[in-house]
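A.B. asks: Dock chains B, C, D and E against the given chain A, drawing on the hints supplied.
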Amino acid sequence: MTDGIFIAIGIFTLLCGSSVILCKSPVYSAFSLILSFFGLAGLYILLESPFIAVIQVLVYTGAIVVLFVYVVMLMNPNSSGAYRNWIFMIVSAFLAWAVSLYLLKALTLGVAPAVGGAHALSLKEVATLLFTKYLWPFEILSIFLVVMIVAVFALAKQSKETPNE
Amino acid sequence: MMMPLLLAAPLIGAIVNGLILRPATAKRAGVIASIAALTSFASVMVQHFAPDAGPFEWTWFTVGELTVKWSFASDPLTWMMCAVVTGIGSLIHIYSIGYMSHEHNAYRYFAYLNFFLFNMLVLITSTSLLGMFVGWEGVGLCSYLLIGYWFEDINKAKAGMKAFIVNRIGDAGFLIGIFICYQLFKTLNFAEIAKLLDTQTFDVRMLNLAAFFLFIGAMGKSAQIPLYVWLPDAMAGPTPVSALIHAATMVTAGIYLICRMNGLFLVAQDTSLFIAIIGISTALLSALIATSQRDIKKVLAYSTVSQLGLMFLALGCGAYLAAIFHVMTHAFFKALLFLGSGSVIHACEGEQDIWKMGGLKKKLPSTFLTFTIGTIAIAGIPPLAGFFSKDMILYSALTAKSYGTTFWILGLLVSFLTAFYMVRVWALTFLGEYRGDKHPHESPATMLIPLYILAFGSIVAGFLGMPEGLHLLPNYLEAFLHPVLGPLVEGHGALSEERAMAVATVSAIIACSLGFYFYSKPERSETPGKILVPFKTVFENKFWVDELYGLVIVKPFDALCAFFAKFFDPNIIDGLVLLPSKAAQGMGSLLVLLQTGIVQTYLLFFVFGLLVLFMVLLKGVVL
Amino acid sequence: MENFLPVLLLLFFAVCLCIGIYTVSHILGPKNPNASKLSTYECGVEPEGSARVPFKTHFYLVAVLFLLFDVEGVFFIPWAIIYRDSLKEGTDILIAGGLYMALLVLALSYIFRKRLLRLH
Amino acid sequence: MDQFDFIVLAVKTLVILVLIIQVVPVMIYLERKIAALIQDRPGPNRVGPLGLLQPVADALKLLMKEDPVPSNVNKFLFQIAPFLAVMPACLSLAALPLGDFFEIGDRKYLLQIADLNVGLLYIFAIGSLGIYGTLFGGWASNNKFSLIGAMRSASQIVSYEIPLALGVTGAVMMYGTLSLREMVFKQSGLLLGVLPNWGVFYQPLGFLVFFVAAFAETNRLPFDLPETEAELVAGFHTEYGSMSFASFFMAEYMAMTTMSAVMTTVYFGGWQIPYLSDEALFSMIGSRNILALIQVAVFFTKVMVFMCIYVWVRWTLPRFRFDQLMKLSWGNLIPIGLINIVLTAIGLYFWDKR
Amino acid sequence: MSNFSSVYWTQFIAIALIGLGMVGFLIRRNAIVVLMSIELMLNGVNLLLIEAAHRSGSADGTMLVVFIITIAAGEVAVGLGILLNLYRIKHSSDTELYKELQG
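Chains as they are written, first to last, in our numbering: chain A, 11 to 175; chain B, 197 to 819; chain C, 16 to 135; chain D, 137 to 490; chain E, 114 to 216.
Fair warning: there could be bad hints in the mix.
Claimed, not checked - Just a sample of chain D residues kept apart from chain C, beta carbon distances all over 10 angstroms, derived: (1) Gln190; (2) Lys211; (3) Val330; (4) Phe337; (5) Glu415.
What the hints assert, rightly or not - Derived DEER-like restraints, expressed as beta-carbon distance ranges: (6) A/Lys134 x D/Leu186: 48 to 56 angstroms; (7) B/Gly805 x C/Cys31: 46 to 54 angstroms; (8) D/Leu331 x C/Cys31: 42 to 50 angstroms; (9) D/Arg455 x B/Gly805: 56 to 64 angstroms; (10) D/Arg490 x C/Cys31: 48 to 56 angstroms; (11) A/Lys134 x B/Met811: 42 to 50 angstroms; (12) D/Ser423 x C/Cys31: 28 to 36 angstroms; (13) A/Ala164 x D/Arg455: 28 to 36 angstroms.
Unchecked claim - Distance condition first, Cα-Cα at most 30 angstroms in a straight line; then the derived DSSO-like pairs of lysine-lysine: (14) C/Lys129 x A/Lys167; (15) A/Lys115 x B/Lys815; (16) B/Lys634 x B/Lys552; (17) C/Lys129 x E/Lys203; (18) C/Lys103 x A/Lys134; (19) D/Lys463 x C/Lys129; (20) B/Lys738 x B/Lys552; (21) D/Lys280 x E/Lys203; (22) A/Lys34 x E/Lys203; (23) B/Lys494 x B/Lys358; (24) D/Lys322 x D/Lys148; (25) B/Lys738 x B/Lys494; (26) D/Lys489 x C/Lys103; (27) D/Lys197 x C/Lys46; (28) B/Lys751 x B/Lys494; (29) D/Lys244 x D/Lys322; (30) D/Lys489 x A/Lys134; (31) D/Lys463 x A/Lys167; (32) B/Lys751 x B/Lys762; (33) E/Lys212 x A/Lys167; (34) B/Lys717 x B/Lys634; (35) B/Lys354 x B/Lys634; (36) C/Lys103 x D/Lys322; (37) A/Lys134 x D/Lys244; (38) E/Lys212 x B/Lys778; (39) B/Lys732 x B/Lys494; (40) B/Lys494 x B/Lys558.
None of these hints come from the bench; they were simulated from the model.
For each residue, glycine too, the CB sits at the ideal point set by N, CA and C.
Just chain A, same shape as in the assembly:
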């Protein structure tokens, strides 16, 4: 039964993913992006990591895509000429297809056997791991976020100088 749900959600995500890149107007692609992230959250739940699912929904869907929608609203882009010319589409489609096939092959080559019972990861275990083994990356990431804030302010200041007609 769970396989069925898994495949269903998977297909749903892929559909939304393809509509992200195919929709002419960016608002609709943003909307389909939200739906695909929901599908992904569902997949994460099925893969027994609820913490990541919630983080995904909270950070990705709740903040990043909001930013996307904001920018889309700010820019109100006209959806003329959404795609590049034909040759590009065919070439890129082929290239993507080829690379994906190779990726798939590479992954299946290197598949490690399912070692140890795949027990559900409780939230506490994940949290402790974060603060023992991965403490320094955690701190560095916080520094990264501060730097990002400074960057964003710099960009915003720059746009302030240019006339905002």
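C.D. replies: Showing chains B, C, D and E alone in chain A's frame:
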């Protein structure tokens, strides 16, 4: 001991004059030069009466199995030529002391003159073709330097260059001839070649070819048909130069070459015939031109060319003795005539146009006397030198193996014309009233003494080679040169020798009277011009030969050079050089097209690279 | 995974609710559109020009700051969960949290310092 | 997970969903009554006894009215926006513990839709999706004022989510877990003999930040800047007709209930009766299910108390200006939240050392 | 739930997502959609990581995903900031107009 002194004297004179005592006055430089010439003449005389031991030898260089030895031998032919060259050379040196007295840096002139003498002696005395070639080149150089002595004047400088270039063409032919001789005989020594020609038989065609090329060298130096154009222009040099180089010595080098190689030319019959034809046609052509020339020196120049033509006629017919005899006599009276005209020009302060002279009999008595002797000699009136040598040539032409009579008739016509234009010049300059605006005066003694000596020479020289038939004097010359030039060929022509002599004398007398009749009175002097009107312009313009050469050779050559300079070099050569840089630029502009600046294109390249990376990493996998 | 099943059910029921509301209102509600109803309501004023007029980047800046601070806030929660238990082993959890807090405060003061959000 | 359990689960989910949805009409009625009380006027009493049927009348009216779709809008987004607002509101109920558990036969079933060990985080995650309703609604209706209204309300919700998270972090530090059910169990017992062992007494500052942020989250006065009738004509849902307009309001009220429920669970002991522990109560009553009912009743009374406070605050405080709004969130609430975390950390350090 | 059918499905979906993302940022002219497709690819990677974590039982994969999400957040923040400035200059979000850095 005498032989090295013969050569060393003029060389030392040239060095002293040219390099050491540079700022010498004309007189001092002239005296030094004359002393040098006289010492070499003395050494020649001493050489004759007390000959040295063997040939003076000095190896020059050895290349492979060819060793070139520089050796000087004195056999009768060399001695005679040296005598003529040094004799007349020293007379001209003395004469030019007076002639060049008012020149301010005459030391340069005398240095060149001595250097010329040295080179001529090297040419004559060397026993190998290569040694002769060295002399040959040196003489060419000196003639260039001397013709272009007044190089400030562009025309004179051009004349010098013209002489040099035309000579070079001849020298090239001479060099090729030397190569072929070496190829054939493996040696360049005259004696050895003569011995080989007697003993071995060679391919006749190759011999002819060698002879032909040697003759081209002779043509260049002795101004025959195709390469004679430089001689009339060479008159641009001072008159003594013309006298020495372009009458007596240098121009005879060609004849001396052929006499020295007479063994070869005897065998090469076709070339000899060719030489005869060229000789007679040059003689006829230049004689015709000479009749209508205005400049006194030009007339004498063309007469020299025609006399050389006669000498080559003799050589063509195998009469080497006749040629050499005419060389000797011609040296005397032509030098006399040139020096005479020099003193006339000197008197008229540089005026050379005979129509602006006249009546100089009274003002220049001694010049008039010597000039008349010279004119009579060249005209071929019996007692003087000209008659005997010219007659010997005509008779040898008559008795030649092929076309004898036609050569004889043409030779007769040439001597008739010679007499006519010489009397014309003589009459126009000395008889009648003075037409010029100058006031001529007699030349100083230093110029007159050589004239008298030469005049005496012109009279006496004839008796040396009198033909046996007259039973007056034995033929000393023939006896003297017999070992070198071989026996006199007794041929049978249409007329006997005495009768031929008679006909020649009668024609000379008729020509003289005709010339005298026309040109002694000024009002009659125009008539020959009017009679031969159509021909007159042709003769005056020298048959437009210079213009023809200009058109045929110079213009296409210029065009060729222009083609290379303007089209070939900039486009082809530079094009090739710039090709790589242009190709690189082309490639560069191509690559720029790829840089469209749009992010997606770069991303496409990125993904493509990724794909290639995967393909490499997962070799086994096929999509 | 089991305890997320009810969420799925809840999702299903919510969707049914929405669809129900939508269909009921469409069935019951009358449909007679006229010009005034169909034009966007500009409190009586005639609407002109495109509605989507670009406005100050202030709003965008707020959204970006929210994104970055939200991520930092989220990191606090796992720290909060294990704070009490690992307090027994030692104070290094405190130090880690303190460092993190310091950086957060630094970022916040930077925002005030820059006065870009008209917060002063 | 056999068949029977699944059915019970489905029924339970449905019942809880309907229960929470019923809160909306009750709230509408209550809001009007309390507003009237504050403004010293009788309030709705025409429809039915004491005006109790007024909400039913409103609902029917909204259902019956036309739902026009203006011409120059993005049809799809315009119509889906209200439901985008309702969906998160419904989904966030999943983690709320209404009571302990009830029994059918020998099996026990929890009195909440799903006991997630990431419960609280789940609620915030779903809560943060509420923005899309406003954003897409405002943008799709192609109306300058509604667009600006949408932007403003989005900014407001966005900037008040952070203090919300920070406020709660203090409590999470104390309880050490994100599951709401465990939090309620941890709040049983007495604090210093007198006070019930509720979170609010441990985390007064945390509660304050959370309480203020909750108001902003639901766009309730004094933060209802976006829908101000005077300035922006009713904000982002100006163009919406009957039912869509109603769904926006429904979403708002459900969000209010969720927020009050979370406050009661985290800070006021959820279904715990202050001085009566569950066992004592069970020994008095005897049957587990009746106890469940009592617990649910206690939970709902607490929620209703908070809802009344919402309404009370709405009709007393004046509206904030937009920049004041921002200043309050970034300038005051977030710093206080951080201070609260620091204090809790230090407090716990000494509390555990003892 | 742990022994669900095979690794095959998740990897296929993840790689499909990555492929879609790749196609997206190659063919779309609108800069925002390009960024969105990049996010799509990142999520594909996250899915792979989670699947690996699930299969191997260790939580390292989860940690990595958390870090990826934060960095993606930072990236989007700055990316969209730059995009906005470009829009301010070019008045359009069409990537083919951002051509200055060429040649």
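A.B. asks: So, for every hint listed, does it hold in this structure?
C.D. replies: Outcome of the hint check:
No beta-carbon of chain C is positioned within 10 angstroms of the beta-carbon of D/Gln190; the least distance is around 20 angstroms. A cut-off of 10 angstroms between C-beta atoms confirms that D/Lys211 is not in contact with chain C; the least separation is 12 angstroms. No beta-carbon of chain C is positioned within 10 angstroms of the beta-carbon of D/Val330; the least distance is around 24 angstroms. Every Cβ of chain C is farther than 10 angstroms from the Cβ of D/Phe337; the closest lies at roughly 18 angstroms, confirming the non-interface assignment.
Distance check for D/Glu415 against chain C: the nearest CB is about 26 angstroms away, which clears 10 angstroms, and the non-interface claim stands. Distance hint for A/Lys134 and D/Leu186: a CB-CB separation of about 52 angstroms, consistent with the stated range 48 to 56 angstroms. At roughly 51 angstroms, the beta-carbon separation of B/Gly805 and C/Cys31 lies within the given 46 to 54 angstroms, and the hint holds. In this structure the supplied range 42 to 50 angstroms holds for D/Leu331 paired with C/Cys31, their Cβ-Cβ distance being about 44 angstroms.
Checking the proposed 56 to 64 angstroms range against D/Arg455 and B/Gly805 shows it holds: the Cβ atoms sit about 58 angstroms from each other. The supplied range of 48 to 56 angstroms is met by D/Arg490 and C/Cys31, whose beta-carbon atoms lie about 53 angstroms from each other. With their beta carbons about 46 angstroms apart, A/Lys134 and B/Met811 fall inside the hinted range of 42 to 50 angstroms. At roughly 33 angstroms, the beta-carbon separation of D/Ser423 and C/Cys31 lies within the given 28 to 36 angstroms, and the hint holds.
In this structure the supplied range 28 to 36 angstroms holds for A/Ala164 paired with D/Arg455, their Cβ-Cβ distance being about 35 angstroms. Restraint check for C/Lys129 and A/Lys167: the C-alpha separation of about 9 angstroms stays at or below 30 angstroms, so the hint holds. Between the alpha carbons of A/Lys115 and B/Lys815 the distance comes to roughly 11 angstroms, so the proposed pair stays at or under 30 angstroms and holds. Distance hint between B/Lys634 and B/Lys552 is fulfilled; the C-alpha atoms sit about 9 angstroms from each other, no more than 30 angstroms.
Our distance criterion of 30 angstroms between C-alpha atoms is met by C/Lys129 and E/Lys203, whose separation comes to about 27 angstroms. Between C/Lys103 and A/Lys134 the alpha-carbon distance is near 15 angstroms, which keeps this suggested pair within the 30 angstroms criterion. Restraint check: the Cα-Cα separation between D/Lys463 and C/Lys129 comes to about 14 angstroms, which is no more than 30 angstroms; the hinted pair holds. As the CA atoms of B/Lys738 and B/Lys552 are separated by approximately 21 angstroms, the hinted pair is consistent with the 30 angstroms bound.
Under the criterion of a C-alpha separation no larger than 30 angstroms, the hint pairing D/Lys280 with E/Lys203 is consistent with the structure, at around 23 angstroms. For the hint linking A/Lys34 to E/Lys203, the alpha-carbon distance of about 20 angstroms falls within 30 angstroms, and the restraint holds. For the given pair, B/Lys494 sits about 16 angstroms from B/Lys358 by alpha-carbon distance, which is consistent with the 30 angstroms threshold. Annotation: proposed proximity of D/Lys322 to D/Lys148 holds, straight-line Cα distance about 25 angstroms (limit 30 angstroms).
Only pairs whose Cα atoms come within 30 angstroms are accepted, and B/Lys738 paired with B/Lys494 is accepted, the gap being roughly 11 angstroms. With a C-alpha separation of about 8 angstroms, the suggested pairing of D/Lys489 with C/Lys103 holds against the 30 angstroms cut-off. For the proposed pair D/Lys197 and C/Lys46, the alpha carbon gap of about 15 angstroms is at most 30 angstroms, so the pair holds. The straight-line distance between the Cα atoms of B/Lys751 and B/Lys494 is roughly 26 angstroms, inside the 30 angstroms bound, and the hint therefore holds.
Our distance criterion of 30 angstroms between C-alpha atoms is met by D/Lys244 and D/Lys322, whose separation comes to about 21 angstroms. With a C-alpha separation of about 22 angstroms, the suggested pair D/Lys489 and A/Lys134 falls inside the 30 angstroms cut-off, and the hint holds. The straight-line distance between the Cα atoms of D/Lys463 and A/Lys167 is roughly 20 angstroms, inside the 30 angstroms bound, and the hint therefore holds. With a C-alpha separation of about 16 angstroms, the suggested pair B/Lys751 and B/Lys762 falls inside the 30 angstroms cut-off, and the hint holds.
A distance of roughly 24 angstroms separates the Cα atoms of E/Lys212 and A/Lys167; the hinted pair therefore holds under the 30 angstroms criterion. Restraint check for B/Lys717 and B/Lys634: the C-alpha separation of about 21 angstroms stays at or below 30 angstroms, so the hint holds. A hinted pair counts as satisfied when its Cα atoms are at most 30 angstroms apart, and B/Lys354 with B/Lys634 qualifies at roughly 29 angstroms. The suggested pairing of C/Lys103 with D/Lys322 holds, with an alpha-carbon distance near 19 angstroms, which does not exceed 30 angstroms.
Between A/Lys134 and D/Lys244 the CA atoms are separated by roughly 26 angstroms; this keeps the pair inside 30 angstroms, and the hint holds. The suggested pairing of E/Lys212 with B/Lys778 holds, with an alpha-carbon distance near 28 angstroms, which does not exceed 30 angstroms. For the hint pairing B/Lys732 with B/Lys494, the CA-to-CA distance comes to about 16 angstroms; that is within 30 angstroms, so the pair holds. The straight-line distance between the Cα atoms of B/Lys494 and B/Lys558 is roughly 25 angstroms, inside the 30 angstroms bound, and the hint therefore holds.
Every hint, counting from the list given before, is met by this structure.
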